Every structure is written in structure tokens, then in C-alpha cells.
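Here are the chains, one letter per residue:
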Amino acid sequence: MSKPVLTSLHQALRKSFQCLENNQKVWENVLAECSPLMVSLGNLAEQSTALSNVQISNTPLRAFPDLEERLRFKLLQATDTVLNKLSEKMSSLQSVRDAISNQVSAVFQLYEQSTDSLDLLTVTERSAIAPSVADMLEWLQDAERHYRQQFLRRKTLLQTLRADNLSLLESAPKRWKSLESPSAEDNITDTLCKVSFFMESP
Amino acid sequence: MKSLRLLSVDPSDQGSQRCRLGPGLMSALGLSLGSPLLVSVPGGSCLCTAWPRPDLAEGFLQMDLKCSSPSLISHPCTHLDLDPGQLTPVPCLKLKGVKITVVVQSVDFRKHTPPRLIHELVKDMLKGVHVHNKYVINLQDFDTEIKYVVIESINPESAIAGYITSKTAVEITGVQTVRHYRSRLQKQHTVPLGGLEEVSASLREMLELPLLYPRTLSSIGVLCPRGMLLVGPPGVGKTLLVHTVVEEVGASLVVVRGPEVVGSRPGESEAMLRAVFEQARAATEEGPCVLFLDELDSLSPRRTGSTAPENRLVAQLLTLMDGMDQSDHFLIVGATNRPDSLDPALRRPGRFDREVIIGAPTLQQRKAILSVLCTRMPTCPSVDMAELAQRTTGYVGADLSALCREAAMHALREESKGSGGQAVGMKHFQEALKSVRPSCLRSSLGRTDLSPVSWEQIGGLDEVKLRLRQSIEWPMRYPEAFVRLGLCRPHGVLLYGPPGCAKTTLVRAAATSSHCAFLSVSGADLYSPYVGDSEKALAQLFRQARACTPCILFLDEIDSLVGSRSNSQTPNSVQTRLLSVLLNEMDGIGLKTLERRGTEKILQTEGVEENHTQEQLDCQEVSNKDVMVVAATNRPDCLDSALLRPGRLEHIIHVPPPDQQARLAILKACTKSMPLSVDVCLEELVAKTELYSGADLENLCKEAALLALQEENMEASAIKHTYFLRALSKMRPSLTAQQIHTYQTPPK
Chain A
1 MSKPVLTSLH QALRKSFQCL ENNQKVWENV LAECSPLMVS LGNLAEQSTA LSNVQISNTP
61 LRAFPDLEER LRFKLLQATD TVLNKLSEKM SSLQSVRDAI SNQVSAVFQL YEQSTDSLDL
121 LTVTERSAIA PSVADMLEWL QDAERHYRQQ FLRRKTLLQT LRADNLSLLE SAPKRWKSLE
181 SPSAEDNITD TLCKVSFFME SP
Chain B
203 MKSLRLLSVD PSDQGSQRCR LGPGLMSALG LSLGSPLLVS VPGGSCLCTA WPRPDLAEGF
263 LQMDLKCSSP SLISHPCTHL DLDPGQLTPV PCLKLKGVKI TVVVQSVDFR KHTPPRLIHE
323 LVKDMLKGVH VHNKYVINLQ DFDTEIKYVV IESINPESAI AGYITSKTAV EITGVQTVRH
383 YRSRLQKQHT VPLGGLEEVS ASLREMLELP LLYPRTLSSI GVLCPRGMLL VGPPGVGKTL
443 LVHTVVEEVG ASLVVVRGPE VVGSRPGESE AMLRAVFEQA RAATEEGPCV LFLDELDSLS
503 PRRTGSTAPE NRLVAQLLTL MDGMDQSDHF LIVGATNRPD SLDPALRRPG RFDREVIIGA
563 PTLQQRKAIL SVLCTRMPTC PSVDMAELAQ RTTGYVGADL SALCREAAMH ALREESKGSG
623 GQAVGMKHFQ EALKSVRPSC LRSSLGRTDL SPVSWEQIGG LDEVKLRLRQ SIEWPMRYPE
683 AFVRLGLCRP HGVLLYGPPG CAKTTLVRAA ATSSHCAFLS VSGADLYSPY VGDSEKALAQ
743 LFRQARACTP CILFLDEIDS LVGSRSNSQT PNSVQTRLLS VLLNEMDGIG LKTLERRGTE
803 KILQTEGVEE NHTQEQLDCQ EVSNKDVMVV AATNRPDCLD SALLRPGRLE HIIHVPPPDQ
863 QARLAILKAC TKSMPLSVDV CLEELVAKTE LYSGADLENL CKEAALLALQ EENMEASAIK
923 HTYFLRALSK MRPSLTAQQI HTYQTPPK
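Chain order of the listed sequences is A and B.
In terms of our numbering, the first sequence has 159 at position 159, counting the first letter as 1, and numbering is strictly consecutive.
In terms of our numbering, the second sequence has 643 at position 441, counting the first letter as 1, and numbering is strictly consecutive.
Keep in mind that the hints are not guaranteed to be accurate.
For lysine to aspartate or glutamate, the following EDC-like pairs were computed, each having C-alpha atoms within a straight-line distance of at most 20 Å [claimed, not checked]:
hint : chain 1 : residue 1 : chain 2 : residue 2
1    : A       : Lys155    : B       : Asp343
2    : B       : Lys329    : A       : Glu21
3    : A       : Lys155    : B       : Asp215
4    : A       : Lys194    : B       : Asp215
5    : A       : Lys177    : B       : Glu347
6    : A       : Lys155    : B       : Asp257
7    : A       : Lys155    : B       : Asp310
8    : A       : Lys194    : B       : Asp310
9    : A       : Lys155    : B       : Glu347
10   : B       : Lys329    : A       : Glu46
Please keep in mind that the hints were generated in silico from the structure rather than gathered at the bench.
This structure is a prediction, so every number in the text was calculated from the model and none was measured.
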């Protein structure tokens with residue numbers, strides 16, 4: 001009796017893992033595009049610091065009028081452009097996160113609707129070709145949590161940058177890099193490997 | 203069902219709000235994957251979602267403390283055995299809205315981050331979390347500055363727990379830092395405070411007013427008060443008061459203890475003091491703050507000389523207190539028991555604006571303190587707080603808590619011996635009263651331990667006894683009658699009469715029957731080779747006596763103590779100076795402000811009749827707030843006339859030599875413990891002992907008993923009449939008719 005329910009749940013799980021796999025690639029690509037932007041952001045901050053440290057009136061450049069203001073304006077403009085690009089990237093990251101979140105909550109909802117016909121024994125039953133429903137739901141939840149955490153951390157980093165705090169800006173690329181958690185990414189890849197046979201079976 | 207072993211959470215489950223348990227238990231509880239589950243552990247509970255363990259083993263429990271009661275944040279527990287009954291499934295519906303307080307790591311983040319961003323981040327973090335009303339959500343796994351979220355209320359209100367979706371409205375009511383939040387969590391268990399309502403209300407007002415109405419204060423152009431000096435004897439609860447009020451208001455407290463800020467190198471102490479003020483300033487970022495300078499006299503003594511290192515510290519404190527601007531919303535509270543040794547520059551408005559004097563507790567206050575102290579002790583219903591309060595004159599808060607502790611210890615000892623129950627009864631308090639003495643009378647020179655004497659042990663003198671009772675006992679026993687008739691307690695009583703007529707014993711009996719504090723002083727206590735020392739000691743004695751009213755101060759042989767101004771040869775002798783001190787203390791212009799106790803109570807004769815005992819206590823307090831001086835002399839003619847006028851020693855009681863009936867009573871009292879043979883006729887002895895004083899009669903009985911032993915060796919079993927007669931023949935009376943005659947005319 002629980003057979004048709006289980007099949008439809010399996011179908012939904014398959015779809016979710018498919019979605020996860022696609023989005024994982026998108027996520028990696030976007031992040032790869034972000035790193036040069038972050039580096040240039042750090043660069044600009046460094047230049048701004050250098051500009052604050054130098055006394056232009058003591059250098060041969062003093063002949064140029066308003067040089068410091070002009071340079072600062074240029075730097076700010078460049079920083080602005082970089083930040084704009086970064087926020088575009090952030091929105092694509094957000095769409096990845098939302099896609100995964102929606103998929104996971106949809107499959108979870110489907111499970112909750114059919115809890116009456118699925119007892120715990122069925123849900124925790126594993127076989128050589130397919131992991132148990134509980135395991136798969138857990139993996140999906142873990143992946144979803146990972147993307148949410150990653151996104152929030154990166155968003156907080158970018159949103160708390162302030163133009164008046166150059167040291168914060170300078171250290172941004174380093175902190176951005178430290179947010180990467182290869183082990184969690186590996187876990188997701190592992191998960192996808194674990195379910196690869198299940199996904200290919202009809 | 204067998205118990206569950208609680209293990210620490212798996213690292214991969216951190217932040218997932220999962221609770222891992224065996225599938226068998228899950229189906230027994232009717233749970234499906236991800237069903238919300240409330241786990242109660244000792245010290246709190248935690249809301250989780252149920253998941254089967256990966257290895258499907260039973261008998262273990264691992265839970266992630268994402269949503270737990272606040273107490274579990276500071277004391278997480280592991281390695282316990284839980285009963286399956288401690289797991290309860292809770293229904294969790296989608297919530298319409300939540301009100302939260304956000305707890306962040308640093309002050310910096312709180313100051314610079316726009317509220318919109320915090321809202322956005324928190325909303326993202328909370329999505330998909332099961333929350334319980336009043337619980338704390340741990341967000342540390344996100345690794346941002348936002349550490350916790352406290353759920354203040356949830357909508358719908360009927361639910362206790364719920365599930366947050368993207369459609370749930372999140373409202374932030376406040377942002378705090380972790381340090382502030384943790385310090386507030388620790389302040390859950392407070393020590394109660396009794397009898398200091400007035401002072402604590404005033405302190406609370408000073409703390410809360412600038413916070414509640416900042417605009418009003420600035421619009422009327424008033425500067426908020428910023429300093430308060432608490433003055434009072436040791437043990438009245440100055441420090442406790444500050445701690446309690448600070449906890450109640452929810453302010454943060456920065457405590458400075460004198461010795462802590464004093465460094466060895468020059469300039470170090472000042473730097474430390476500045477750092478403390480800086481710390482207080484930082485704490486005001488998150489709400490009210492109190493900077494508490496305990497034992498202020500050690501920190502800022504009166505400046506003397508020009509090079510003392512303390513001078514610089516005092517100067518630094520003064521400039522720091524002046525340098526506080528209006529934006530610094532912190533309050534400085536100083537506490538000291540020696541206000542006179544403070545630098546006078548500290549005690550002006552602008553620095554310590556208010557000075558609050560906390561005196562030794564009055565009767566009412568003692569009752570309040572005792573009832574607060576006893577709330578957590580199992581006491582018998584027989585324990586009468588009002589009576590205990592009456593018995594504990596001169597006790598300060600610290601003494602009373604020592605008293606309760608001692609009483610509880612007595613009860614415990616009794617219980618361990620196997621007799622008596624657990625409750626603390628009146629008899630335990632009686633025992634404790636013997637060992638715990640009031641601390642404000644310690645080191646007092648007049649403190650005496652007297653063996654109790656009852657009125658019955660004094661033969662005769664019924665009229666004198668009555669007068670003494672009127673003066674001493676009645677105001678204590680029937681205060682409402684005194685108040686009704688507009689009477690007040692006499693200030694002083696003078697007992698005069700020939701020597702050996704039981705003047706001192708009478709006072710002792712009076713002190714026993716009224717549970718007053720009793721101080722007795724003689725010339726030896728007061729005289730000192732230094733000029734002015736005796737006067738100071740006498741003034742000090744009066745101050746201590748006033749601190750523990752109702753109090754009887756007994757001056758024996760007052761004629762030798764103070765003398766008289768009119769017939770003294772040297773007009774500036776110590777006696778004369780002591781006399782002037784005594785006159786001043788007994789009816790001086792008023793009290794020093796430092797000796798204020800409690801609040802001025804004005805009795806209202808009209809009004810509703812409320813609690814009778816309460817009223818009686820009120821009357822007691824009003825009519826017994828003075829020290830009563832009892833003096834005794836056998837040379838009333840030597841006393842200064844100023845001492846004898848109404849308002850000072852107003853009741854002048856003649857203690858006459860015993861008449862016939864009195865002598866009979868005295869002899870009966872003296873021979874009570876002696877075996878008399880049947881032929882003894884006390885009436886005959888009475889007739890033969892004209893002009894004998896009480897002391898003579900007592901001596902007569904002793905002599906007779908000794909004679910009996912002498913005649914019949916040590917085997918004497920009864921005293922025969924002949925021995926009395928033989929003793930009588932050897933004695934002569936100590937009084938003479940002429941002497942008695944001089945006492946008949948009362949001193950002018």
C-alpha cells in the first residue's frame with residue numbers, strides 16, 4: 001500500500017539531488033568569479049591606505065592641483081564598481097540557495113503529507129542500491145544548511161564593509177578566502193556519489 | 203522502558219536542531235522524521251527535531267542545543283541518563299510573527315550595523331527553525347557576529363512553540379551584547395532585602411529617571427543626579443542594597459574596591475581609576491550602569507599635607523567625577539561607614555549629589571528583615587517575628603542574618619541528634635540570641651552581661667517597684683496607652699537612698715523585665731589621663747546607646763561621676779566637663795544627622811483601625827526611640843541642680859530603708875534557700891532590726907548560717923533561732939536615724 005507513495009517520494013528525491021548537482025556547479029563557478037573581484041577590492045583598499053599615508057605636497061607631484069581628492073574619487077569609484085559586481089554575484093548565489101531551499105522544503109513537505117502511510121521501518125530501510133529515505137532527507141537538509149550558512153557568512157562580510165574602515169576593507173579578501181569550507185563541499189560531492197546509483201535507476 | 207544515555211552532539215549535526223534517537227523509541231513516541239520534540243534535562247529543556255540515529259541503535263540520545271531554555275546556555279549538560287518520559291512531542295505550527303532580542307558579540311557591531319541589515323540577517327538565520335517561547339536560539343554555527351536570539355513572544359500567543367517560515371514576521375525589540383546578556387543570566391538568584399524600601403526606591407529612581415524620561419529632563423534644563431553616598435554603620439546592608447537594586451533595574455555594575463585600584467608605582471593608581479571610569483562608560487552603551495565605590499573612605503581619605511600619594515588619587519577621583527558629561531548615563535554610588543574621614547570636596551552637589559544615611563534598623567525594619575530572612579527557612583508557626591524584632595534591639599542586618607543562621611544550626615544539631623523536627627522553632631532563636639550579640643555594641647565600654655533578676659527576688663519596696671515599672675516597663679508594654687494619653691517615656695530616672703537598699707538590684711530587675719539593651723558605665727570606664735578623652739567616651743557611649751534604642755543607660759554612683767558645678771573647688775575639672783556632656787546628651791538641641799534611623803514616623807490618631815499588632819509596633823517605635831538614663835546615688839545633695847530638672851532626670855525615686863513589713867519580706871527572700879528550724883521567728887528578728895538595711899539583713903542571714911556551721915561542725919542541717927540572735931548581737935546597723943532623716947527631704 002505504501003508502494004506508490006514511496007515511489008513518488010523517491011521520484012521527488014531524485015529530482016532534488018539532480019537540482020543539487022546542477023546548482024553545486026553554478027555555485028562553484030560564481031565563487032570562482034568572485035575571487036578576482038575580492039582581490040581587486042583588497043588592492044583598492046591598499047591604494048587608499050597608501051594615499052592617506054603620503055603627503056602629496058612633499059612630492060614632485062605637488063604641481064597637479066587637487067591631486068589627492070581626484071585620486072580618492074577615482075579609487076572610490078573603482079571600489080563602487082567592484083562592489084556592484086560583487087552584489088550581482090551575490091544575487092546569483094542567492095538564487096542558487098533559494099533553488100536548493102525550495103527543492104528541499106518541497107520534498108520535505110511531500111514526506112510530511114505522507115507520514116501516515118510511511119512507518120519508520122520503511123523510512124529507515126536501506127538496501128545496496130538505494131539509501132534510506134531518512135538518510136537522503138538528512139543529506140538534503142545538510143546541503144541546504146551548508147549553502148545557507150555560506151551565503152549568510154559571505155553576505156555579512158560584504159554588508160559590514162565600511163568605506164571609513166580601510167583595514168576592514170583590506171582584510172576582506174583574506175576573510176573571504178577563509179570562509180571556504182572544502183570539507184563541507186566534499187561532503188556534498190560524497191552525497192552525490194552515494195546517491196548516483198539510486199538516481200540512475202528508474 | 204530503559205533509560206537513555208545522553209551523549210554529546212555529533213559535529214556534523216551542529217546547528218541542525220536535530221535530536222538523534224533510536225527508531226524504536228521514535229515510533230513508540232509516535233514521531234516521524236523531523237517532528238518537534240521537547241527534551242527536559244536537569245536545569246532546563248531543549249526543543250529539537252527528532253531523527254533516527256544513522257546506526258539505528260537504541261538507548262542513546264544526542265541533541266543539538268539550537269533552541270534551549272536560557273539556563274542551558276551557560277551550563278550545558280552531557281553524560282546524563284534520561285528517562286524516556288522526559289521527551290514530549292510538541293505541536294509546532296507555522297508562526298505569524300515573533301518578537302526577539304538579538305545578542306551580538308561586540309559593541310562595535312551593535313553600534314555600526316544598520317538595524318535593517320541585522321533584521322535581514324536574523325530573518326534569514328531563523329528560517330526553518332522550531333522555536334519555543336522565551337527560549338534562546340543559538341546561532342553560533344553561522345559564525346557571524348550575531349550569536350543568540352532570545353524569543354520574547356510569539357504570535358499566535360496561544361501556542362508555546364512554533365515553526366518559523368519565510369512568511370513569519372520578525373520584530374527585533376532590542377540588541378544586546380553577549381557580555382551583557384550573560385551577566386543578566388547570572389543574576390537570576392537574588393538575595394532579598396528587607397526594611398530598606400525607602401532607600402532602594404530613591405536609588406532606583408535615580409537610575410531609572412534619566413532612562414525613562416531623557417527628553418523631559420533635558421527640556422526642563424535639569425541635570426540628572428549622578429552621585430549618591432550611602433552612609434551607615436557596618437552591616438546595615440549598604441553593599442547588598444546596591445547589588446539588589448542594580449539587579450532589579452537590570453543595570454550593569456562596575457565595582458571598585460579601594461585596595462584593588464591602588465598600585466605600587468606612582469601614577470599607577472590614577473591610571474587604574476581612569477580605566478574603571480572608562481569601563482563604566484563603555485557599559486552605559488547597553489543601558490544603565492552603576493559605578494560602585496565600596497569603602498570609599500579608604501579610596502579617598504581627607505587630604506592632608508602636600509605630598510601624600512593619596513592626594514593625587516583623591517584629586518583624580520574629583521576630576522573624573524567632574525569630567526563626566528551629561529551623555530554618560532552612569533551613576534556613581536559610594537558607600538562608607540566613616541563619612542567624616544572623606545575628603546570634603548567629594549561631598550558637594552555635582553559629585554555626590556545625595557547622601558543617604560542608613561541607620562541601625564528600627565523595630566519595624568528589623569521585623570521586615572527577619573521575615574525576609576526566614577522566608578527560605580522552614581520555621582515553626584510559633585515563631586513570632588514581632589517578638590523577635592523586639593528582642594533584637596541594636597542588631598543590624600548582618601547580625602540578624604547571623605542570628606537566623608545560628609538558630610538554623612541549632613535546629614540542625616538537634617535534628618542530627620534525633621530529637622525534634624526540621625523546622626526552626628522559637629527555642630532555637632532563644633538559644634541563638636545568647637550567642638549572637640549586636641555588633642553595634644561590640645567594643646562599647648558600657649556593655650555588661652548581667653545575671654537576670656526578677657522583681658520577686660527583691661523583698662519589699664513595692665511602691666518603688668511600681669514607680670520603676672511605670673517609668674521603664676510600661677512604655678514598652680503599653681505604648682498605645684501612652685500615645686493615647688499623650689504621654690512620653692521619661693528621659694531619666696534617679697534612684698536615691700541610703701547605701702545597701704537595693705538600688706542597683708532594682709535597676710537590674712528592671713533591665714531584665716524589659717528586653718532593652720542595657721549599658722552600664724562607671725567612673726573607671728570613663729576616666730582617662732588624656733584631656734578630653736573622658737568626654738569623648740561618654741558622648742560615644744550615648745551615640746551607641748541611641749543606635750540601639752530602646753536602651754537603658756545605667757550610671758551608678760552618679761555623684762562621683764559628674765559632681766556638681768556649684769560646690770566644686772576646681773571649676774574646670776573632668777567632672778564638670780563630663781557633667782556638661784551629660785546635660786547636653788540628655789536634653790541637647792538635637793541629633794547629629796549621621797545618627798538618623800529609619801524614617802520619621804508621625805502617629806496618626808485618627809484613621810481606620812487596621813491591624814492591631816501593627817499599630818502597637820508603630821506606637822512602640824514612636825514612644826521608645828530615646829535612650830533612658832537611670833542613675834543611682836546615695837548623695838543626692840551632691841548633684842547639680844540642672845541634672846534634676848524635668849526633661850533630664852525627671853523621675854526622682856526615693857529608695858527608703860526597709861520598714862517592718864519590708865524587712866520581713868527581705869528576710870523571707872534571703873532565707874528562701876536556707877533550711878530554717880521550726881523555732882525561727884522572723885517577726886521577732888524584724889522587730890529587733892530597726893535601722894538595718896537590706897544588705898545588713900542579708901549579711902545577718904549569712905552570719906547565722908556560718909554560726910550554725912561553726913557550732914555543729916559541718917553536719918548542721920538547720921539554722922536555729924539562737925544563731926540568728928547571736929549574730930544579731932554582734933552586728934550593728936549601718937544606718938543611723940539622722941542619716942535617714944536627711945534622705946526624707948527630697949533633693950531640690
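For each hint, the structure was consulted:
1. At roughly 15 Å between alpha-carbon atoms, Lys155 (chain A) and Asp343 (chain B) fall within 20 Å of each other, so this suggested pair holds.
2. Distance hint between Lys329 (chain B) and Glu21 (chain A) is unfulfilled; the C-alpha atoms sit about 23 Å from each other, more than 20 Å.
3. Among the hinted pairs, Lys155 (chain A) with Asp215 (chain B) is inconsistent with the structure: their alpha-carbon atoms are about 23 Å apart, more than 20 Å.
4. For the suggested pair Lys194 (chain A) and Asp215 (chain B), the alpha carbons sit about 19 Å apart, so the restraint of at most 20 Å is met.
5. This hinted pair checks out: Lys177 (chain A) and Glu347 (chain B) have alpha carbons roughly 18 Å apart, not beyond 20 Å.
6. Proximity of Lys155 (chain A) to Asp257 (chain B) is assessed by CA-CA distance (about 37 Å); at most 20 Å being required, the pair is judged violated.
7. Taken as a hint, the Lys155 (chain A) and Asp310 (chain B) pair is honoured in the structure, with Cα atoms around 18 Å apart against an allowance of 20 Å.
8. A C-alpha spacing of about 45 Å is found between Lys194 (chain A) and Asp310 (chain B), which places the hinted pair above 20 Å, so the restraint is violated.
9. For a cut-off of 20 Å, the pair hint linking Lys155 (chain A) to Glu347 (chain B) stands: about 12 Å separates their Cα positions.
10. Annotation: proposed proximity of Lys329 (chain B) to Glu46 (chain A) is violated, straight-line Cα distance about 38 Å (limit 20 Å).
When the structure is compared with the earlier hints, violations turn up for hints 2, 3, 6, 8 and 10 and for no others.
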